[in-house]
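Student: In case you want the letters, here they are:
There are 2 protein chains.
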Amino acid sequence: MTAGELVHPRAEELQVGPILLALADANRRRVVAQLAERPDEERLCASFDLPVAKSSRTRHWRVLREAGLVYQRDAGNGLYIRLRKEDLDRRFPGLIQAVIAAGQAS
Amino acid sequence: MTAGELVHPRAEELQVGPILLALADANRRRVVAQLAERPDEERLCASFDLPVAKSSRTRHWRVLREAGLVYQRDAGNGLYIRLRKEDLDRRFPGLIQAVIAAGQAS
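Just so you know, the protein sequences line up as chains A and B, in that order. All the letters of the first sequence, read from the start, carry residue numbers 0 to 105 under numbering that gives the first Met the number 0. All the letters of the second sequence, read from the start, carry residue numbers 0 to 105 under numbering that gives the first Met the number 0.
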């Protein structure tokens with residue numbers, strides 16, 4: 000790991016507890032739902048319209064990343080984020096889809 | 000509502016946030032998984048083997064009940080608990096099953 004590199008749990012380390020905790024928040028759930036619409040695409044963190052302060056945004060990205068829901072990359076000109084769809088689908092089949100659907104039904 | 004009656008959210012009031020927060024805890028997730036094995040049965044709360052203090056047990060039941068995951072009934076000789084399977088399946092199809100499966104894969 001080089002300086003400034005962001006820490007991510009390995010696929011086999013993913014735990015359902017932190018994932019559910021991360022997804023219990025409506026803003027984070029909305030980010031995951033938007034990422035899931037284009038799972039192969041990386042998206043600029045700044046492009047998400049979150050009704051929260053900058054410090055809260057930073058915390059939301061960290062919670063999502065540390066739970067293993069997203070990969071986050073610092074490209075120098077900005078932070079990029081991408082859903083860990085393959086890892087999540089392999090470890091927890093159907094979970095993310097069910098949570099996204101539930102969020103939209105809620 | 001009579002004195003001592005336990006408060007439950009109505010089916011149409013269920014929200015995914017409190018449900019995920021409730022299920023983020025491994026002990027509560029285990030209770031829900033055990034209830035889901037026999038969804039038509041009511042079970043004595045005292046029959047669950049939870050490695051926590053009595054005050055924590057009481058809190059766990061309340062979190063599950065207030066999230067709308069369980070019906071809890073005070074029968075005088077003890078508290079009984081039952082999964083709100085029909086309400087949950089109707090509002091959030093596949094969610095509880097996916098979470099239980101994820102908990103067992105975790």
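Take these hints with a grain of salt, some might be off.
Repeated chains share a single entry, so a pair holds when one copy, or any two copies, can fit it.
Unchecked claim - Under the rule of at most 20 Å between Cα atoms (straight-line distance), these lysine to any residue pairs were calculated in the SDA-like manner:
no., residue 1, residue 2
1, K84, S105
2, K53, G75
3, K84, A100
4, K84, A52
5, K84, G102
6, K53, E12
Note that these hints are calculated values from the structure, not bench results.
Student: With identical chains treated as interchangeable, where does the CA-CA distance between K53 and G75 reach 20 Å or less: within a copy, between copies, both, or neither?
Tutor: Cα proximity of K53 and G75: one copy only (18 Å, versus 51 Å across).
Student: Pop the pair K84 and S105 into one bin, within, between, both or neither, using alpha-carbon distances up to 20 Å.
Tutor: So K84 and S105 pass the 20 Å test across copies only (16 Å; inside, 23 Å).
Student: For the identical chains here, do K84 and A100 meet the 20 Å Cα criterion within one copy, between copies, both, or neither?
Tutor: both (16 Å within a copy, 17 Å between copies)
Student: Tell me, please, which holds for K53 and E12 at an alpha-carbon limit of 20 Å: within, between, both or neither?
Tutor: neither (29 Å within a copy, 31 Å between copies)
Student: What label fits K84 with A52 when the C-alpha limit is 20 Å: within, between, both, or neither?
Tutor: Classified as neither; 27 Å inside a copy, 38 Å across copies.
Student: Checking an output row: K84 and G102, CA cutoff 20 Å. Within, between, both or neither?
Tutor: Answer is both: 18 Å inside a copy and 18 Å across each meet the 20 Å cutoff.
Hint compliance for this structure: hints 4 and 6 are broken, all remaining hints hold.
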